[in-house]
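Undergrad: Given these sequences and hints, build the entire structure.
Protein chains in written order, with the numbering used here: chain A, 1 to 316; chain Y, 1001 to 1617; chain C, 2001 to 2329; chain V, 3001 to 3559.
Because the hints were derived from the structure by calculation, they are not lab data. Even glycine gets a Cβ: it sits at the ideal position worked out from N, Cα and C. Treat each hint with caution, since some may be false.
As the list claims (entries may be wrong) - Here are the computed lysine to any residue pairs in the SDA-like style, where the Cα-Cα straight-line distance is at most 25 Å: (1) K2093(C) to G3057(V); (2) K2007(C) to T1375(Y); (3) K1016(Y) to G2222(C); (4) K47(A) to Y1013(Y).
Stated by the list, open to error - Taking CB as the label site, the calculated pair distances span: (5) F147(A) to A1481(Y): 45 to 51 Å; (6) S1154(Y) to A2013(C): 36 to 42 Å; (7) R1196(Y) to S198(A): 36 to 42 Å.
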Amino acid sequence: MTTDTTPTPTPGEDFMAEGSPRQELAVEQVSDTARPDQWWQVIWSSKKARVGVVILAVYVLVAVFAPLIAPQDPLDSSFEPLAGPSAANWLGTTTSGQDIASQLIYGSRISLLVGLFAGLISTVIATVIGLISGYAEGTILDDLLSFVTNVALVIPALPLIITLVAYSEVRGIWLIVGVISITSWAGAARAKRAQIISLRNRDFVTAAKFSGEGTWRIVFREIMPNMTSLVAASFVGAATGAIGAEAGLAALGLGDSQSVSWGTMLYQSNAQGAIAQGLWLWVFVPGLVLAILMTAMTFINFGVDLLSNPHLREDA
Amino acid sequence: MTLLDVRDLSVRYEPKASRPLDAVQEVSFGIGPGEFVGLIGESGSGKTTLGTALLRLLQRPGRISGGSITFDGTDITDLPEDDLRALRWRDISTVFQSSMNSLNPVVRVEGQFRDAIEQHSSLRGEAVTRRIRELFEMVIIDPKFMTAFPHELSGGMRQRVNLALALALEPKFILLDEPTTGLDVVVQHSILENVRRLQAEQGFAVLFISHDIGTVLDLSDRILVMYAGRIVEDQSAGALLREPLHPYTKGLLGSYGDPRQETVKITYVPGRPPDLSLPMVGCSFAARCPERIDLCLEQDPPLVPLQGGRAACHVAVLQREEGGAGPHGEPKRGFEGPQFVKTADESRSALTNDVVLSVEGVGKVFERRRGFTVTRTEAVSDVSFDLRRGEVTALVGQSGSGKSTLARMITGVESPTSGRIVFHGPDGDQQVSGFRGRALRDYRSDVQMVFQDPYSSINPAKRLGYVLSRPLANYQGLKGAALRERVMELLERVALTPADRFVNRYGYELSGGQRQRVIIAKALAVEPRIIVADEPISSLDVSIRAEVLELLNDLVKENDVGILYITHDLLSARMLSDEVIVLNNGRVVEQGPTLDVIRAPKDDYTRTLLDAIPNPF
Amino acid sequence: MTYFARKFGFFLATLWAVVTLNFLIPRLQPGDPAEIMVKRLAGKDAALDPAQVKAMRAMLGAPDGSLWNQYVSYLGELVHGNFGLSYTYYPYKVTDVIAQAFWWTVVLVVVTQVVSFVVGIVLGAYAAWRRNSRLDSIVTLGSTFLGTLQPFWIGLLLLYVFGYSLGWFPTSGGYEESTPGFNWPFIQEAVSHSFLPALALLIVTPIGWILGMRNTMIMNLGEDYIRLAKAKGLRDRDVALRYAARNALLPSVTGFALALGGVLGGAILVETVFDYPGLGRLMGEAVQNKDYPLLQTLMLLTTAGVLVANLAADLLYGVLDPRARRAQA
Amino acid sequence: MTRTRTKPTLIVTGLTAAALALTGCAGSASQKDSKASADGMIDQLTFPSEADAAVGGLVNYNPNSPKPLTATWLYEPLIVRNSLTCEETPWLATKSTWEGGNKLTFDIRDGVKWSDGQAFTAKDVAFTFNLMKQYPAFDKAGVWNNTFGAPAKSVTAQGNQVVFEFTGNAAPKYDGIIATKILPEHVYSKVGDPTKYVDKTPVSTGPYKVGSYNGRRLVLERRADYWQADKVKVQKIVLEGQYDAAQAALKLRAGQLDAYYGEVPNPKKTFVDADPKNNHFYYAPNGMTVLTGNDQQKPFSDVKFREAISYAMNKQDMSLKATYGVMKPASQTGLKLPSMASLVPAKYSGEDTVLPYDLAKANQLLDAAGYKKGADGKRTNPDGSPLSVNFSVQAGFIDYQAIADVVVKGLNDIGVNSKVTASAPDSVDGQKKTGDFQLMLEYLHGGCELAKNIGAKLSSTQIPTKTDIFPNVQRFSDPAVDAAVTKLASDTDKESQKADLAPLVDTMMTKFPVTALIYAPARILYRTDKAVGWPSEDNAYANPQDDKLLVLTHLTAPK
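TA: Structure, rendered in C-alpha cells:
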C-alpha cells in the first residue's frame, strides 16, 4: 500500500484507514466510508446540542465546586433576614436569614443528582422491561410486561407521585429519586419495546442464535448495543423529566425539606409570600435557572436524536 | 435532435460532518425521442443520484455542482421550481425503485392519480376516472383496484400502478429507476414486457436504471455503463454485447453464463469500488482491472468516441488505435479476471456421499385464527430429499414457494406438521422438530446458516473478532489465545487476509462480499455438518456473486460439509449444486441431478425460471 | 373482531388494575380521614378533640373490616355505579361532587389540548417544511424553552403580569357573581376566568407536538412517496399537507390520547394556582383530606378517561391509517 | 403557632398567593362598597369562605356536616366563651349552673325566634342533644360517651330550662356542650338521619339568613327579627373565596376582604405597612408550640436532661425565624400569658416563667447529670453509650422547620448530637400514636377547659393509643399528677380550679415533661375602614378566630 501523497486529514480516521489518494491495488481494502460518525461528532454537529452541552457543563462545574463558589453556607441562617442584595448576600437573604445565592448554587447539586440517578434508574427499568417484553413479543411474558407498562403509562403520574410521597415516612432525596424513577419509565419502555421488535428479526440476531448465544446475552449484548442512541436519548429525557419533577414535588412541599434545592426554594419563598414581601429574586431566579438547565438538556437530546434518526441531521 | 441532453453533469454531496463526495462526475449523454436507454452500474456507482438529478429532486446535502441538463430545448438545470412544475409529469415522469414506498400509504390509489392529472390537465371529475380506468387497463390491472389503498396491492401490482401513474399524462420521457428490483423473476418479466409494449405503442423515451445488465440488455436500444460516478461506456445494446469496450462492462457480462453448457465459467470483479470522497489519480477502475497498464494509474481516461460508441479506457483506445497488433494486444471480449468454472463432470460425480440429513415427506400447514375463522395455509407439502456430506442440494423457487419454511424446519426453528426430518448425526439418528433451549443449541453446533443479507447479518455494534469468537466460545469452550488463534484461522480460511487487519473491524466497514465471507467463516467456526445458505448471493452486486459461490464450493470440497443452497436462480444452482429441487407453491415440481434438471426440464415452471436467467450470449 | 376483543380485553384488564391500584394507594397512606377532617374543621387542629374525632368516625363510617373485605365491597359498589359518599362534602355523593367540577376541567383541558395539539401540529409541520429557516429555529428553540418551564411557575408569572399588574384578567375562581348555567354573563365570566389557566397550560403543552410532528415530518419528507409527489409537479402546499403532514400526523394521534393523562396531572398544579374549580383542584383537595371515596373515584375517572381516549385513538388510527385497518380486520 | 391554616401537604396554594400578593388592583364587586350609613349601620363585610370547598354548588347548611357553607352565622350555641380570657357571654342560654359535676342546668333565653317565625324553646335544645344520643356521629361534644367525663344519663327540657344528668362527673364536657349548635326540632325531627340530611333551607336562630348563593359567593342578610338585632350593625355578610396567605394579604390590602383568619407570614410587612391606619392584625396567644421528647426513652426519660436542654432553646430566635417576631417566647407554666395570668399559682406569680436561653447553664446541668463531653465535643450518656437525638419534624410545616433548625442548633451547641428528619405530617401523627420517636414539635392548646388541655397533656390516661392521638404525646406518667388532673377535671368552681392547677404548673416548671417554646396564635387580620370594634391586644374581648359571633356584636361603623 503506497501512500505517496498526504491523505486528506479526516477527523477520527485512524492510521489503518486505507483511504489513500491512490487506491490502486486496494483489492481487499477496508474502507472507513461506511463507518457511521462517532456519536460525539454527531451530537456536537448540532448547534443546539453544543449550546446544551456547554450550559450543562457550567451547571455541573457549579455543582461540583459549589463550596468554592458559594459565598456562604446555604443553611447558615445567621444573616439578617430579608436583606436585599449585598456583597455578602448576592441575591439577598430569605425570611429565615439564609443566603439566596448560596442556596441557588447548592441547589444545582440536588437537581443534577436527582436527574442523574432518577434518569439512570428509570432508564434501567425501561430498558430491561422494554427489551425483555419486545424480545418476547407475542408470548405471555410480553403480554404481561406490556400490560404492566400500559397500566403504568395510563395512570396519571402526578397524583400517583403525590400519593406515594405522602405515604412515605421520611422524605429524603432518595425517596424522591425512587418515586420519580418508578413513575416515569413506562413511555421509554414502550419505545424500546417497539425498537427491539424491529431489531430482533434482523439476521444478526438469528446469527447470534446460531452462535449458541443465550437469550439474555442476545438481548443485552447483541441487540442492546444497537440501541445505544435510543437508550441515551431516553436517559437524557428521563433525567430532564426527573429534574422537573423534583422541582415540582419540592415546590408542592413534598420534597426533601432538609436539603436545598430549587424546588424547595420555590416552595419556601411562596409559602412565605416572598413576592408580597418584595423578595422577587427568591421566587423567580430558581424557576429560571431550572428552566435553563432543562432547556439545555433538551437541546442535548436534539443532538442525541440525530444519532438514532439520521434524517434529522444536516440541520442546526 | 435529442430530447434530453446532459452535459458535464456533476453532483456533489456535502455533508456537514464528513468529507464531500462527488457522486456523479462530469457525465454527458443524450437521449433521443422514443429512445430506450439502459443505465447500468453497481450500487454506489452514482446511477440513482444521476437519475434523481435529472428529475431535479436532489435533496440536501446533495446538489448539482456543475454541467447542465437540457430537456426538449429547455435548460432545466437551474429552472425555478414553479416553471419546472409545468414540465413535471406532463413531460417527465418516473417510476421509483421501491414499489412499497412510492405511493402515499394513506390515500387511495385513485386519489394519487387524480391529483397529478388534475394538476396538469383540464380533465375533471368523471373524465379523470375514465382516464385512470384506461391506464389501469393499459398495465393489465383490474380497474376495481382503483379504490384500493397501496398496501392492499401486491408488490407487482403496485409497480404496475406506478407505471400506469407514470404514463398518466403521456410524458415524453420516463425515468425507470430499478423498477423491478425485489420482485419475483416471473413478475419482473411480465412487467418489463409491459414496459416494452407500451413504449413501442406510445413512443416515450426511457432511461432505465438497473444494476443487472441482464434485465436491460434485451430492452434497450443503447446502454450506458456507469462506474464510480462516471460513464465508462456508451454503446448500442447490440454492439455492447458483441464487443464490450470497457473491462468493467466485460466483467458485468462475464457474470452470466449459460447453465446448460458443458462447462460454465462465470467471472467476478474482485475488490470494491473506490471511495468517492477521496481524491483519485488515474482510472477509477484500475485497482480492479485485469487489463490495467501503467498509464491507467497515472491518467484518468476520458470518455472518447470509439467503435460508434464511447468508452473511457486507455487500453481499449490503444488496442483499437493499434488495430489489435500493438503492444496492448487484441481487444478481448471476456473479463480476464478471476473466474469460477464448473464442468459437467464435476456435476456428474454427485450423489454418492453419505446422507447427513433426510427430509421425508415433510409438510407444513400454518393456521391463522382470526375471530371464528381459521385460515389454513399449506406452505410446504410432501417434500423429500437428502442432504449429503460434501455435496450441495439446491432448493430453487420464488419467494412464497416454501423454501424458507423448509429452511426453518431444517434448522429446527419450526416443526413439520407431517412427515419427518432426520439428522444422521454422530450420536445416531435424531428427529428434528421444534427444538427448544438446550436441544436447539446443541443441534445448531451441527447445522449452521448463511443469510441472504450480509448487511444485516453482522451485528453492526460488534467487531468481527467478537462475532467470530462467540460460536467458538459457546460450542467449543475456547478461551484466550486459543480462541484468538482460531478466529484468525477462520478469517484466513475465507481469504480475509491478513487476518489481523480484519479482526478488529466492524461489519459495515467491509464490502458485501467480504461480509458474506465473514458470515461463512462464522458458520464454519463450529465445524458443522450442514450449512443452510439462504440466497447468500442475491443481495450482492452481480459482479462479485461468483466470488462467494466459489468460496462455498471450496468449502464443500475441503470441509466435507453438506450445503442446502436456497436460491431463485438456476444459474447459481448449476454452479454450486449437485442436486436441484424446484419448488413451486410448496410442492416439488422437479427434482434430480442438477445437469439433468437444467438440460432437460420437465416442468413448465422450471422452464420459466430458466428463461428468467439473462443470457447475454 | 379479535382485534376489538383484544383491545377491549386489555381495556378491561387495565381498568381492573387501575381500580385495584386506586383502592390500594390511598389506603397505604398514613393518617386517619376522621382526624384530618376534624383538624381541618376545628381550624386549630393540634387540639384534636377526641370527642369530635369519634363523632366524625361514626359519621364517615370508614374504613372498617379487613382490607380484603373493603376491597370486595368496593368492587361490588363500583359495579353498581355506587362510588360512595364524599368525606369532605358529606353527605353528598362523590358523583355529585365530581359533577360540579367535571365540566370546568373538561372544557379547560379539552380546549387547551385541542388548541395546543392543533397549534403544535401546524407549527411542527411548518417548521419541518421550512426546515432550517429562521422560523424553524424560533419555533423549535422557543417551544423547547417554554416547554421546560414549570406550570406553576408560569402560572405565577401570568397571574402577576396579567392578573395583578395589568389587571386584564381575574385571578382566581371560575366565575364571580353570575349564576352558573347557560347564560351570557356566566359564560363571559367563565371564559375570562379560564383564560389565564388555559394560557398557562397552552404555553407548556405544545412543545411535545411541535417537536414530535417536526421530527416525523422530516423523516417522512425523505420518503419516496414525497419525492414522487414532487416529481408529479404537485404544488408545495399539496405535497406538504396531503402527503407529508397527513402521514406525519399518525403517530401524534395516539400520542394525543396518552398525553391526556399527563395533562390532567398538570391541571392539578394549574388549577390550584388559579383556584380554578375543576377536577385537578378537587383531586388536590381530596389528597389533602384523605377523602378516599372522592380520590378513588377521581383517579378512576381520570384513568378511565385516558383509557377510553386510548381506545378512541386506536379506532381513530384505523380511520386515519388504512394499513392499521387491515390489521384490525 | 397553631396549625390553623391548612398548610400541610399540597401547598400549591401558597404559590398563588405569592403572585397575588403584589399590588391588588383587581377591583370589582366589593369595591363599590359601603361607607358608614347614618344609622351607624354597615352595608356589607366580606370574609373568606368558610367551607374551603374546591367545588361550589353543593349547598349544605347542616352545621354538623364536615363542611357546611357557614358554621358561624346561622345556627347558634348556648353560650359563647372567650377562649382567651375564658369569660362567658350568655347566648341562647342565659345562664348555666352545675350541681356537683353530675348535673348541669341551662336557663334558655326567651323571645328567640327561628328564622321561619316559630319560637325557639328549651325543647329544641333538649332535642338537639337527644339527637346526639340517637346518632353518635352527631355527638361532637361527646355528651353521650365517656370521653372526658362520664356520659350523660338524660337531657330533658323542663320549662325554660334544660337539664343534663350524667352518670358521673362530667365537668370537662362543658366546653363542648355550650358550643353545640342548637337545631330546630320542627325541622330536624322530620329529616331522618340528620348526619345524612342536606340542609338547603336552614331554619336557624342566628343573626343572618341566606340571601343568595351562586356556588361561590354566599350572601347572608341580616335578620331584623334577630333576638339581639340591636347589636348587629352589619347588613350583609359576603363569604367568598378561599385564599392562602399572600392572596389574602392582597385581597385585604385591596379592600376586597375585611378580615382574614389564616396565617399570613410577616403580617406587619405584607399587610399593615400598606395602610397602617386601616390595616391591623391581632395574633392572640392561643396555645404554645412545645418541644416534646419521648419521656419513656433515653435520654428524655431523664428529668435532668430535659431540664438542661430547656435552657438551650433560643426562643427569641425561633420567634424571629418562624413568626417574624410576632409570637413571643412561651411560659414554661404551660399557660398562655398574659391572658391566663390570673391562673398562675402564687408560687410563680411575679416570676418570669419564660425560661432564659442560657447555654452555660445547660452545659453545666448536663455535666452535673453525667452527660460527659467527649474529645469531639459530643456528649455521651451517663452510661457511656453514644448520645444522639433524632428530631422528627413535619415536612412542609415551614414554621416548625424553622423552629426545628434553631432547636437542633441549640442542642448541638451544648454537645447533644442531633439531626432533623423531615417526615410527612401524617407520618409524624403516626409516630405520636406509636411512640416511635425521640423528639418532635407539638402543640399545647391553651383552652379554658384546663383539664382537657394542660391537664390532658400531663395525665397518663391521655397517652396516645395505636388508633387515637391523645394529648400526652410525650408519655409523661406520674400518679400524683394524674390525681391532680382528675381533681381539676371534676371541679366546676373557678377558684378551686386554680388551686387544682398548681401541681400541674409545678410539674411543668420542675419536671419539664415538655419544653415550652413560643406561643401559637389565634389570628385575625382586619380592616377598619368599614367596621371598627375588632378584638385587639388592648381589648381581647374575644378569641378573634373562634368567637366570630361575639365579635360581630361589637362591630360598628367607623365614626
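Undergrad: Could you check the structure against the hints above and give me the numbers of any it violates, in ascending order?
TA: none
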